[in-house]
Amino acid sequence: MSEPIVLQPDETFILNVGPQHPATHGVLRVKMTMDGEYIYNAETVIGYIHRMHEKMAENRTYPQYLPNLSRLDYLSAMAYCHGYVLAVEKAAAVEVPERAEYIRAITVEMNRISSHLVWFGAFVMDLGGFSPLMYAFDDREQILDLLEAVTGSRLTYCYFRFGGLYNDVDDDFIEGTRRFVKRMRKSLKMYHKLVTTNVILMKRLMGIGPVSAEMCQRYGATGPVARGSGINYDVRRNEPYSVYPEFDFDIPVYNEGDSYARYKVRMEEMEQSLRIIEQGLDKLPDGPINPEKKPKTIKLPPGDYYTAVEAGRGSFGIRIVSNGDKSPYRLKLRSPTYSNMHLFDEACRGMLIADALAFMGSLDLVIPEMDR
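The opening residue of the sequence shown carries number 1 in UniProt numbering; numbering runs sequentially from there.
Bear in mind the hints are in silico, worked out from the structure with no lab data behind them.
Take the hints with a grain of salt, since some may be wrong.
[What the hints assert, rightly or not] Here are the simulated EDC-like pairs of lysine to aspartate or glutamate, each with C-alpha atoms no more than 20 Å apart in a straight line:
1) Lys-283 with Asp-168
2) Lys-90 with Glu-101
3) Lys-189 with Asp-172
[Stated by the list, open to error] Simulated DEER-style distance windows between Cβ atoms:
4) Tyr-166 with Met-202: 39 to 49 Å
5) Lys-332 with Gln-217: 14 to 24 Å
6) Glu-239 with Glu-11: 47 to 57 Å
7) Lys-326 with Tyr-166: 12 to 22 Å
8) Met-52 with Asp-250: 32 to 42 Å
9) Lys-186 with Gln-217: 32 to 42 Å
Beta carbons: idealized from backbone N, C-alpha and C, even for Gly.
Please construct the entire structure, taking both the sequences and the accompanying hints into account.
Below you can see the structure in the form of structure tokens.
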């Protein structure tokens, strides 16, 4: 990195990035105090598409609230629905058949790859490389076709049910998924050859947006952002749920804390998701996908319940406070993007605005999930 720039606070001006700006990939505003091309201070302004998702839960039964979860992080909808059904199942003591648990893990990991492919294509495009977007979306299309065949949807899935699934997978889905795994491994090799080791990309990302492990802990950052700063934490391994203890996979961790480290974490996560999918298909047991006995009406015992899952952008948590009724007394959504975003204000000070947009892209923000 070059020597830090000494900024002059008496020679600054205000620059608004957003709320309608292509680099923010959503309705996000960043109020920047600039000294020429350098950022003296930054303040993120959020809430432009706040939709009262938490308040809605208080006026809906537990099954009625299921579709809301896929409208939060629309790129990682499976993981969010997974977290919600796990929270309710845990509180209501609903047993889930083993086959359903494996199918859940497989589809969640497919959705994780799909989410990372959108980030990969859009991120490199923000840096000036348009071609990878087309290749990434072509690979993603294969996932969407497979998930559409079993869930009926291509984006905002509502596939999980309390105790099981809406629909079982067939042999065509299994064979198609195996073909996709082989194809995706070849694609990842191509991406690493053409993009990851590209000198221009490395110069644009190395040393840009340095985030320390201490900063991640202070702001509550999780997911690829934290793992790119040396924090070896993944909910799937550290607080195992579903059938993840049955899988052999690694957690990519880098200590540099810059945008390139975050890039490498996500690229390697796709390879690990392929490993999980492959193992899930090999171990997929026969049997039902829904329990024989399931309560007709979901009412949680009075109490305070919390469950977390590893979504595409970090740890997604759901806290449910129940008074014994058919609806939550209070429901709190723990958004990974919300915590990760707040690193930007501190870490971008003294940075060129062009580098700041690369830094923002490395955080992989989904604004509807942050605003809720």
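Taking the hints in turn, this is what the structure says about them:
With a C-alpha separation of about 16 Å, the suggested pair Lys-283 and Asp-168 falls inside the 20 Å cut-off, and the hint holds. In summary, the hint linking Lys-90 to Glu-101 is supported, as the alpha carbons are separated by about 14 Å, within the 20 Å threshold. A C-alpha spacing of about 26 Å is found between Lys-189 and Asp-172, which places the hinted pair above 20 Å, so the restraint is violated. The given range of 39 to 49 Å is respected by Tyr-166 and Met-202, whose C-beta atoms sit roughly 44 Å from each other.
Between Lys-332 and Gln-217, the C-beta spacing of about 21 Å keeps the proposed range 14 to 24 Å intact. Checked against the hint of 47 to 57 Å, the C-beta distance between Glu-239 and Glu-11 comes to roughly 49 Å, which is consistent with it. In this structure the supplied range 12 to 22 Å holds for Lys-326 paired with Tyr-166, their Cβ-Cβ distance being about 21 Å. About 39 Å separates the C-beta atoms of Met-52 and Asp-250, a value consistent with the hinted range of 32 to 42 Å.
Judged by the Cβ atoms, the range 32 to 42 Å given for Lys-186 and Gln-217 holds: they are separated by roughly 38 Å.
Hint compliance for this structure: hint 3 is the single one not met.
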